[in-house]
Amino acid sequence: MGTISNAVLLVFVALAEGARVSFIHSGAAQGLPADANCSFGVIDGAHQRTVSSPGPANSDFGRKSGGFLTTWRDTVGPFCRTSGGLCDPGLTDVRKVHRFGRVLMYSRPFLLITCLTVLWLCFFAVAAEAQDSNKDPAPKRETIGSEVSYLRNQAARGDAMANDQLGHLYMTGTGVSLNYAEAAKFLHAAAEQGVTEAEFALGYLYEHGKGVPQDYRKAFAYYTTATRKGNLTATNNLGLLYEYGHGIRRDVRKAEYLFRYAAERGNPVAQCNLGTLNFGGRGITQNYPKAAEWFRKAAENGYAPGQQILAWMYFTGSGVPRDYAIGTQWLQLAAHGGDPRAQVDLGYLYEQGKGVPLDYVTAYMWYETAESGGERRASERLRKLSKVMTKEQISRAITSVRDLSTSTLKGEAVEQSQRIGNAFNPPH
Numbered sequence: 040m041g042t043i044s045n046a047v048l049l050v051f052v053a054l055a056e057g058a059r060v061s062f063i064h065s066g067a068a069q070g071l072p073a074d075a076n077c078s079f080g081v082i083d084g085a086h087q088r089t090v091s092s093p094g095p096a097n098s099d100f101g102r103k104s105g106g107f108l109t110t111w112r113d114t115v116g117p118f119c120r121t122s123g124g125l126c127d128p129g130l131t132d133v134r135k136v137h138r139f140g141r142v143l144m145y146s147r148p149f150l151l152i153t154c155l156t157v158l159w160l161c162f163f164a165v166a167a168e169a170q171d172s173n174k175d176p177a178p179k180r181e182t183i184g185s186e187v188s189y190l191r192n193q194a195a196r197g198d199a200m201a202n203d204q205l206g207h208l209y210m211t212g213t214g215v216s217l218n219y220a221e222a223a224k225f226l227h228a229a230a231e232q233g234v235t236e237a238e239f240a241l242g243y244l245y246e247h248g249k250g251v252p253q254d255y256r257k258a259f260a261y262y263t264t265a266t267r268k269g270n271l272t273a274t275n276n277l278g279l280l281y282e283y284g285h286g287i288r289r290d291v292r293k294a295e296y297l298f299r300y301a302a303e304r305g306n307p308v309a310q311c312n313l314g315t316l317n318f319g320g321r322g323i324t325q326n327y328p329k330a331a332e333w334f335r336k337a338a339e340n341g342y343a344p345g346q347q348i349l350a351w352m353y354f355t356g357s358g359v360p361r362d363y364a365i366g367t368q369w370l371q372l373a374a375h376g377g378d379p380r381a382q383v384d385l386g387y388l389y390e391q392g393k394g395v396p397l398d399y400v401t402a403y404m405w406y407e408t409a410e411s412g413g414e415r416r417a418s419e420r421l422r423k424l425s426k427v428m429t430k431e432q433i434s435r436a437i438t439s440v441r442d443l444s445t446s447t448l449k450g451e452a453v454e455q456s457q458r459i460g461n462a463f464n465p466p467h
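Under the working numbering, the first residue of the sequence shown is numbered 40, with each subsequent residue one higher.
Heads up, some of the hints might be wrong.
Said to hold, decoys possible - Cβ pair distances, simulated, as ranges:
#1 G269 / G392: 43 to 53 Å
#2 H285 / S434: 42 to 52 Å
#3 R304 / K249: 44 to 54 Å
Said to hold, decoys possible - Listed next, the in silico DMTMM-like pairs over lysine to aspartate or glutamate satisfying Cα-Cα at most 25 Å (straight line):
#4 K249 / E303
#5 K293 / E303
#6 K430 / E414
#7 K293 / D254
#8 K249 / E431
Note that these hints are calculated values from the structure, not bench results.
Don't be surprised by glycine CBs; every beta carbon is placed ideally from N, CA and C.
Construct the entire structure; sequences and hints are all you get.
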């Protein structure tokens, strides 16, 4: 596109220059000097008006509200008339304009020939660019395979960050086969050099026994080290160890303190866990309004489980005024955010026509989506709903499931945090 843009620019330059000299020529026809002050057909002494032409107000071009500002002038006197800002001298003969000792031929025919010539060049520029576009794209210099090979070489030389990156690649199966044992090997090398993310990740592996023997004490030690360095995900997970007494004596107050520390700094999973503590009242005073407050913060941060629980609280009037409309809105967000429990709940609303129009096809779609996400309740709902649906309705629902799978948003906070072990303890 660069060649075309340049060619088009040449057209405008030719038009502007040709018009400017044509105006000079008009003045010369009346006995004016060739270098008279002319600008786009305006001779010095003309009356200037500024008008606003229709255009997008507050456009992204930085124009003022009201549209694009355009200046144009009416010429006073017998020299030339303006039409839309372009001067029509009413002369057709070719005259010579002497300027800086050079002889130039300017006239309407000359301007026309110039423009046609440039347009002819544009045609060949487009053809050449089309040929270039048919060429095979240049291969990328870096591929995932080469990156992994490079990281391996760096890790073998003791590079801490390379070891950490390789550990996370094996932990998530990104560019390599998922292998927790390999992940642990590289993460250990990085953690020994004080890499915070590696210390946290090792805590997760030891907590869940992935790639290493399950060891809550080691998980506690790694989470504690990462927490002291400001890792909020480690802080949240350390809170869970205190809540359940894994690797340390159970201390719900300590768990609440850690959840609150991470929650107040924006960690949505910690916000949900703090809401769960207040909701259940296990070890602390039960407080539904406070629970709703923290679930709302998580929901507003885009955390789908928080949205699902907040919707339930609106449906039941727990800690908030009962409001099916608001509850449905939060449930829709959670379902589209990929939360299987929200998808089952939303499917039930469509099946029953509560807060939304009665729609078996949409209900079936959400149940099917939730079942593929591992929600057990969905299977029973599908079995019962299919008995009252036609084959054509079920076929439409299955088609909708395929369409939904390509458009459903996976909550970034959910995917990112749970992939690396930010654990959420939902209320029961």
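Consistency of the hints with the structure:
1. Distance hint for G269 and G392: a CB-CB separation of about 49 Å, consistent with the stated range 43 to 53 Å.
2. A hinted range of 42 to 52 Å for the beta carbons of H285 and S434 is consistent with their spacing of about 48 Å.
3. For the hinted restraint 44 to 54 Å between R304 and K249, the CB-CB distance of approximately 27 Å leaves it violated.
4. With a C-alpha separation of about 30 Å, the suggested pair K249 and E303 falls outside the 25 Å cut-off, and the hint is violated.
5. Annotation: proposed proximity of K293 to E303 holds, straight-line Cα distance about 15 Å (limit 25 Å).
6. Only pairs whose Cα atoms come within 25 Å are accepted, and K430 paired with E414 is accepted, the gap being roughly 24 Å.
7. Restraint check: the Cα-Cα separation between K293 and D254 comes to about 21 Å, which is no more than 25 Å; the hinted pair holds.
8. As the CA atoms of K249 and E431 are separated by approximately 45 Å, the hinted pair breaks the 25 Å bound.
Checked against the numbered hints above, the structure breaks hints 3, 4, 8 and satisfies the rest.
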